[in-house]
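Student: Starting from two chains that each stand alone, build the complex the way the hints lay out.
If you want the building blocks of each chain, they are given just below.
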Amino acid sequence: NAGVTQTPKFRILKIGQSMTLQCAQDMNHNYMYWYRQDPGMGLKLIYYSVGAGITDKGEVPNGYNVSRSTTEDFPLRLELAAPSQTSVYFCASRRTGTDEQFFGPGTRLTVL
Amino acid sequence: EDQVTQSPEALRLQEGESSSLNCSYTVSGLRGLFWYRQDPGKGPEFLFTLYSAGEEKEKERLKATLTKKESFLHITAPKPEDSATYLCAVQAAGGYNKLIFGAGTRLAVHP
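Line by line, the protein sequences give chains A and B. Residues in the first sequence are numbered consecutively from 1, following the working numbering. Residues in the second sequence are numbered consecutively from 1, following the working numbering.
Pulled out of the complex, with its shape left as it was, chain B reads as follows (with noise of 0.2 Å):
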């Protein structure tokens, strides 16, 4: 069965304090995986897709990296403004329209 575990479950930074959030997957075939950022009270926002092991992407302070097992979230010097739930998901090899979500990391960066 697809699935997708994310961890820790809530991380608390100081602003300035780096880190990363971990994303687990078991898929059949993974066609791609996917970091969205969702606010308090608001729609999932699109940050990063990676599709294959060894792939890297940065956005400002972020950095996606992707491995065979699971992908990481490296945020680096942290602003409070990057507080914000961090979702990870997969979609599978002919599972085209499926998004397979993890729970998500509840990020706070406090001053």
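So here's chain A without its partners, still in its complex pose (with noise of 0.2 Å):
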């Protein structure tokens, strides 16, 4: 199994770009996850879905996007980047009645 797998590793946007950051699990987990990692801070909650066609907000929803057409797949969307964006983004994806959330390697984005 190869896990928990986000693209790209790294990425620079200007302000106002859009892009999809991509996470993807091989593991058959129904939940997943999106957070971001700021300097000095724990880990916050930005969307999460509980299967295939149903996603909610998480703690710092606001200027994302997510979609789950698939189990495997769970794409995160920014639009219209702004530099609060600038941080790294994990994507976690969890096996139903379990509570060990499995994490990517992450994406460090930074809005210039």
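I should point out that these hints are in silico values taken from the structure, not numbers from a laboratory. Each hint should be verified, as a subset may be incorrect.
[Claimed, not checked] Derived BS3-like pairs: lysine-lysine, alpha-carbon spacing no greater than 27 Å straight-line:
1) A:K57 / B:K57
2) B:K57 / A:K44
3) B:K98 / A:K14
4) A:K44 / B:K98
5) B:K69 / A:K44
6) A:K44 / B:K68
7) A:K9 / B:K42
8) A:K57 / B:K98
Tutor: In structure tokens form, the structure reads like this:
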């Protein structure tokens, strides 16, 4: 199993640009999550999904959108990028009936 | 408001020098407390889940304990490869999908 994979690893955006962060898992997990991690701060939940076609907001959803058309994929869309979205983004997944979340390697995004 | 505070922010140990990391929490009904390890440039890696006060779990040189207000991660005779950031997170009852993370403790173990 590759586990949770994320692409790209690094990206630099200009203010106002848009992009999609990709996340995929091959463990057949129903639950998937997007977090952001800022220096000196804990991870913050952006969006989560309990299964294909079902998504919900986390703590910090403004400026982001998600979709979940398959069990495997959970892309995160940034529209009109702002400097405040400079962060490291982590995707995670979890099997139903368990509590452990498996994290991907992260995407480091800089908005200039 | 649910909150997690970790201390110290950073800790430097000599190899073999045992110590403890603290995670204090306030949450409206604790469903679970999680410890993760994070290496530079990588995603968090799961270590332990604790569910009730008095529970303890061990893995190699690490031992996690839980009270009603805090958790400790005890590191016995650490080695340089234990150097990492250790993250604590709580899951509130009813917040089944939401983990509240602390800012972490950066541990450096020197030979």
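Student: Determine for every hint whether it applies to the structure shown.
Tutor: Going through the hints against the structure:
no.	hint	result
1	A:K57 / B:K57	violated, 32 Å
2	B:K57 / A:K44	holds, 26 Å
3	B:K98 / A:K14	violated, 31 Å
4	A:K44 / B:K98	holds, 9 Å
5	B:K69 / A:K44	holds, 22 Å
6	A:K44 / B:K68	holds, 24 Å
7	A:K9 / B:K42	holds, 10 Å
8	A:K57 / B:K98	holds, 10 Å
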